[in-house]
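A.B. asks: Here is how the chains run, residue by residue.
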Amino acid sequence: MLSGPDNTTSMELYLQDVEVSIPGSSRVLFRVSEMSVKSGEPLCVHGPSGQGKTTFLHLLAGLLRPDKGSVRLGGEDFSSLSERERDTKRKRHFGVVFQQHNLLGYLTATENVLLGMPTGVPDRNDRVREALTRMGMEPKDKTHCKWLSQGERQRVAVARVLAAQPQVILADEPTSSLDQLNAAAVLDALLEAAEKATLVVVSHDVRIRERFLRKMDFQGFGAP
Amino acid sequence: MNPIHLALLNLRRHPGNTLIGLLAIGLAVGIGGLLLRLHHVGADRFGNMVRSGDAIVGAKSGELDILLNAMNLEGDYPDFFTSRLYWSLQNRHRLEFMENPDYVTGLVPIVYCAKYRGARVIGTNDDFLRQPGLAVSFDQGAWVGQDRNIVLGANVARQHNLRVGDKISVDPWTGSAPGASSIFTYEFTVSGILQPLDNRWDGALFIGMAQARTILERSHVAINSPWGSDVLHYVIVHLKPGGYPGLRNLINQMTITQAVSVPQAMDELQRLTGGSRTLALAAMFLALILGSLCVAGLFGGRFEVLSGELAILRALGYSRGETSARLLWEAILLGGAACLLGAVLDFSFFGLFQQWMTANLSGPAIPYIPAWRSYPVWLLAMGATVISASLPLYRLYRQDAHNTLRRSS
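Going line by line, the protein sequences match chains A and B.
Everything in the first sequence is counted per numbering that gives the first Met the number 0, starting at 0 for the first residue and increasing by one.
Everything in the second sequence is counted per numbering that gives the first Met the number 0, starting at 0 for the first residue and increasing by one.
These are computed hints drawn from the structure, not numbers from a lab.
Every residue, glycine too, gets a C-beta built ideally from N, C-alpha and C.
Some hints here could point you the wrong way.
What the hints assert, rightly or not - Beta-carbon label-pair distances, calculated as ranges:
no. : chain 1 : residue 1 : chain 2 : residue 2 : range
1   : A       : Arg-213   : B       : Asn-402   : 36 to 46 angstroms
2   : A       : Ser-24    : B       : Val-304   : 38 to 48 angstroms
3   : B       : Leu-18    : A       : Lys-145   : 11 to 21 angstroms
Unchecked claim - Where chain B lies over chain A, by a calculated footprint (3+ residues, C-beta under 8 angstroms):
no. : region
4   : 51-60
5   : 100-109
6   : 186-199
Said to hold, decoys possible - Sample of chain A residues with no beta-carbon within 12 angstroms of chain B, all distances over it, derived:
no. : residue
7   : Pro-22
8   : Gly-68
9   : Arg-71
10  : Glu-75
11  : Thr-118
12  : His-143
13  : Gly-150
14  : Asp-178
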């Protein structure tokens, strides 16, 4: 699972000597001595609740900085960039499926998917429609997300990532609200996207873990 | 999706909140605009008052009444008094029990006798042209030289496009007593047009005393007055410094008329009207503050929702600048729409106020203050709305997206 940085893969995520503490405390939440994820080699992160898996995913997305060590993206020290630069890179290169879906309730499914796409994409409407169709959400594309069920929201959140066609996909429990059939469809779509993108999935779901060749048993030091 | 589009969608998709904010600010802007324009009305109403002379002598009717009727040409047809008083002062005749009134430096007799299309026609003499501190000069022509000549104030000539040599007909205006209306009209030839004086006399017309008396002789004034048509309404008195007490004692104690100190009466008027104008301004600010507080309450009440929403945007890669812009645009769009609503209310209702005031206040028509003069209220409202939105913005700008998203999960 561990390997050195490979700069030939433009969007490889490489972590070295990373340490993240609990905010406002010196207590370490988790440490990662070295880790690399690259395109075509999707990684499933699993482990008990409260160990900091979501924080780990946020770290990869650049939403927070490590207290020690570095997170490199495509060879560049992503974690040392300014917040604005990390925002720009996240918008341009990342697609994140959040555990709580993080959709804006007053926007329609289509608008929420559009929200995750960088501006200036020429065929954005086609891509949005295609992603929603793939997730079986086209019939509800004009529905405000506050009226959707948890499962439907989750599928819209996945569609948002698929439509953006990012180079790095991070997914936090992407199937937690889905039935078996829809969970399989979501996983198929994510793994298909992972052929061209770097994919990290955090999940408790055994069915998901079984589909990944690379797995990481996340053992943090737990929340207080 | 850019910040403006997001802000617009948020406003449209939360119609209840948007409507409350829109009405709160819109009503505040409308009321504030109306109050500001009423403040301007108050200022304009007395802004062009004639400022000439140190004292006015008129029939007893109260200081402000005399001041407003003589210097602001407003009010009903005033009572008159004999013009012998004027001649006594003019000729410095010894009045019984009094010293010569040698503190008097100038006198201008005033008698109202007619109207031309609502403008007062003032009977006076050429002393009108030689008032200390008031440069009266002619744009065209000269003072009335012969019978049936009339001099026009600058505004009258401009409004009715009149020139020297034109003939105009005036209607007698001799009060509202029975028989006051007259079937006669009098034709005059314009002999001169005054340069603008920047006061109410720009909206008046002037004829000689003899002509005024001719009009009065054929009216009820000559019948009802013990002095016939030999009457005046006011005498504007120019005094030496410190001369007013002497004049006041002479006039108030020895005659049936009343002397009014122009500076003192002006101060009193300013005190009375200034208070209400200040109150109008204070009410305007209060209305805006209430509207702004309402919007601040709306934004503040939505803080938790906004906090989560902006954290989501940050997580999707929107910068702090973009998320702040989205919030500011929301305030600008809301404030702009509310200003538009307020301006419409202001525009619609000011005309009604103007009509009501014109009908209930005698004197010159209440001036129309154009709606654009409410612009300070619009700017204040926009500023207040943006500030209201900026209070949560400050907290959101310091937001840690990771922690906010963790808390919401």
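A.B. asks: For each hint, tell me whether it holds in the structure or not.
C.D. replies: Here is what the structure says about each hint:
At roughly 29 angstroms, the beta carbons of A/Arg-213 and B/Asn-402 sit outside the given window of 36 to 46 angstroms. Checked against the hint of 38 to 48 angstroms, the pair A/Ser-24 and B/Val-304 fails, with Cβ atoms roughly 29 angstroms apart. For B/Leu-18 and A/Lys-145, the hinted distance range of 11 to 21 angstroms is satisfied, since their beta carbons lie about 19 angstroms from each other. Counting residues of the region 51-60 of chain A whose C-beta sits closer than 8 angstroms to any C-beta of chain B gives 4, which meets the bar of three, so the coverage hint holds.
Closer than 8 angstroms: that is the beta-carbon criterion, and the region 100-109 of chain A has 5 residues meeting it against chain B, so the requirement of 3 holds. Counting residues of the region 186-199 of chain A whose C-beta sits closer than 8 angstroms to any C-beta of chain B gives 0, which falls short of three, so the coverage hint is violated. In this structure A/Pro-22 is not separated from chain B by more than 12 angstroms, as the shortest Cβ-Cβ distance comes to only about 6 angstroms. Here A/Gly-68 stays apart from chain B, with its beta-carbon at least about 17 angstroms from theirs, past the 12 angstroms limit.
Non-interface status of A/Arg-71 relative to chain B is upheld: no Cβ of that chain comes within 12 angstroms, the nearest being about 19 angstroms off. With a least beta-carbon separation of about 16 angstroms from chain B, A/Glu-75 lies farther than 12 angstroms from that chain, consistent with its non-interface assignment. In this structure A/Thr-118 is not separated from chain B by more than 12 angstroms, as the shortest Cβ-Cβ distance comes to only about 7 angstroms. Distance check for A/His-143 against chain B: the nearest CB is about 7 angstroms away, which does not clear 12 angstroms, and the non-interface claim fails.
At roughly 17 angstroms, the least C-beta separation between A/Gly-150 and chain B is larger than 12 angstroms, which holds for a residue marked as non-interface. Taking the minimum C-beta to C-beta distance to chain B, about 22 angstroms, the non-interface status of A/Asp-178 holds against the 12 angstroms cut.
Hint compliance for this structure: hints 1, 2, 6, 7, 11, 12 are broken, all remaining hints hold.
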